[in-house]
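Starting from the given sequences, assemble the full structure and let the hints guide the process.
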Amino acid sequence: MITISKLIKAFGRRPVLRGIDLEVPAGQSVALFGPNGAGKTTLIRIIAGLSKLSSGQVLLGGQDAQKAGPALRRYIGFVSHSPLIYDSLTAEENLHFFGRMYETPDLPERINQVLEQVGLAGRRKDVVRTFSRGMIQRLAIGRAILHNPPILLLDEPDTGLDQQAADMLRKLLVELGSGDRTVLLTTHNLERGIEWADRALILNGGRVRFDAATGDLGGGHFRRIYTETVGGV
Amino acid sequence: MSYLRKVLAIVWKDVRAELRTKDILSSMLVFAGLSVLIFQFAFDLRADNVRLVLPGVLWIAITFAGVLGLNRSFILEQDRGSLEGLLLAPVDRSAIYFGKLIGNLLFIFAVELLLLPLMTVLFNVWLLSPALLLVVALGTVGYAAVGTLFAALSINTRAREVMLPILLFPVMVPVFVAGVQAVSRLLDGDSLADIVRWIQLLVAYDAIFLAAAMLLFDYVVEE
Amino acid sequence: MVTSKRTRGESKLWPLLLGVTAVLVAVGVYLAVLWAPTAVNLPTEAEQMAQRIFYFHVAAGWVGYVAFGVTAGAGILYLLKRQRRWDHVAVSSAEIGVLFTAANLVSGAVWARPTWGTWWSWDDPRLTLAAIVLLVYIAYLMLRNAIDEPERRARLASIYGIVGFLSVPLSFISVRIWRTIHPAVIGTGSETSQGGFDMSGDMVVVLLYAIFTFSLLYVVLLHYRLRLENLREQVDDLKTRALIEG
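Chains as they are written, first to last, in the working numbering: chain A, 604 to 836; chain B, -12 to 210; chain C, 549 to 794.
I should point out that these hints are in silico values taken from the structure, not numbers from a laboratory.
For glycine and all other residues, C-beta sits at the position ideal for the given N, C-alpha and C.
Treat the hints with caution; some may be incorrect.
[Said to hold, decoys possible] Pairwise CB distance ranges (calculated): (1) A:ASP814 <-> B:GLU209: 57 to 65 Å; (2) C:LEU564 <-> B:GLN65: 46 to 54 Å; (3) A:ALA724 <-> C:GLU697: 36 to 44 Å; (4) B:ILE62 <-> A:ALA674: 25 to 33 Å.
Encoded structure:
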């Protein structure tokens, strides 16, 4: 689903990604780890089409993401650091607006479905300004999955959430990750990330330093690997 | 057609949010009213000089209030990162430009529709003739066309909202000169046919900068 | 344009050109002040002397507009090709343009004092235009100053450079329709113009000479300003590398 080859990104002459090769098949859930400044967010933003790459190639479903027209952006659902929703609109109005931007079929139906899924059906008529951090995050996820994208990108979706909200997020992610959907998420929480994903990647200094299935990374094992890879936490 | 529907979706979203908060309209309106008041004190507008000064007062009130609205419309997008939400959508970036432009135009027009009767009453000069409304509308389109582009540009700078008037006003000179002169001539009793050169200039300005902004907006929002 | 490596190879050419330009400017001063004939139809001696500023005034104005055109052109090239050297050309040319436009305004004011009896006249479209254009490019430089990230600065400044330059002819038309008393020396003059004079053949020669010399001066200044920009970038790169390598 996602094929990245020889990806390099530099801001000015400061390299952030120094040659990434990565193949993520359809249906896989990948957790991306790494210290701040490792290039996680940059990588995700390039896949989402929000940043230009300096050289290399990103293919989404076989199409070159940098060259394809805006239609390819329908492949992507993106949960960013900022919620990308409007404070002065209600939950329903937000989804209605983005649904129109994505030309989602049967929109009212789909909005009901998504609001159920993220547990906001009861607050649909409320203005987002009155929402808690966790509710905003759930609406942001609702916005990202509204058009049923085959690829879901989540950049630190668990940051700033309390335990209860994080549990809800975990359940939601398991639901979303089932089937053919490809999920790529970044997080600082090693245990949670391992639990969520099929595959773990560690990014450091703009390169992929570690890549393995999460099945045999249980317990403190992965924490040791992480510490060795990035050199101290 | 789907392009147009998305443009209208953006307009709907901005209007919807504005009708709820009234942030932009109220600040623009109060500011426009205040500038008229200040000019009243500065120039002591009276029957013998009001026709001389009023066109300038009108355009200054529109221009200054417009800056508030233009700034606000993009700062609201940026604070929650929602501009990125727009950029993620499967639509040509120019649709975002036109959506924001039409929203901004509606807000400025709304302020003008209140400002013109208000000034008519306060200064006893009829400012609601069709010819005058045409001049104001043409000037406003050019102003908002460049203003929307520069507002998107200035939120990417360190100074943010301070930058917009500095960038915008020198480029706005043709609209301002044509707008003030055309309104003056109309108040002096000239007909639309007498000010055709100013109308032509305004139309040319609108066309040139709409086209330029449409082409350049892509480069403003990319990273 | 010229990279620093190539500069070393051409190191003899540019100092030579700089020297030639210096001599040409000195000769230009002689031509304008002493050699050029006195404008016979001007009434007072003060006006006749002030008229000699005209050669520098026009040449500086000319270079200003050319420089801003180069800034806009380089902006288009930057947006298309994304090579930083085009942004260097744009900013270098804009700075020189601001300098020459300011010179044009100051020389205009010095001329206007004895001729019109005032330093500044808003009735004059070209003077007004020069002031507007100066503000556009001061805004351009302020915009650059307010963006730290080089790529973003180059991209947004290119956009402003293009839009700003597009506004110049429209601003000119607007102030032209509005007021006209500037002495239109070449082409149709307005009957209300004050201080107009007829150009004799020798005056045309001196004017063309001044325009040529100032254009050459522009090229030389642009070269050295570009070299400065390239060196500045190299220093930045070295600093960044030192930071990364710790």
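Given the range 36 to 44 Å, decide if the beta-carbon distance of ALA724 (chain A) to GLU697 (chain C) lies inside it. Given a distance of about 42 Å, which is inside 36 to 44 Å, the answer is holds.
Status of the given 46 to 54 Å range, CB of GLN65 (chain B) versus CB of LEU564 (chain C): Check passed, 52 Å falls within 46 to 54 Å.
Take a look at whether the Cβ-Cβ distance between ASP814 (chain A) and GLU209 (chain B) falls inside 57 to 65 Å. The hinted range 57 to 65 Å is violated for ASP814 (chain A) and GLU209 (chain B), with Cβ atoms some 31 Å apart.
Range first: 25 to 33 Å. Now tell me if the beta carbons of ILE62 (chain B) and ALA674 (chain A) are that far apart. holds (30 Å)
Hint compliance for this structure: hint 1 alone is broken.
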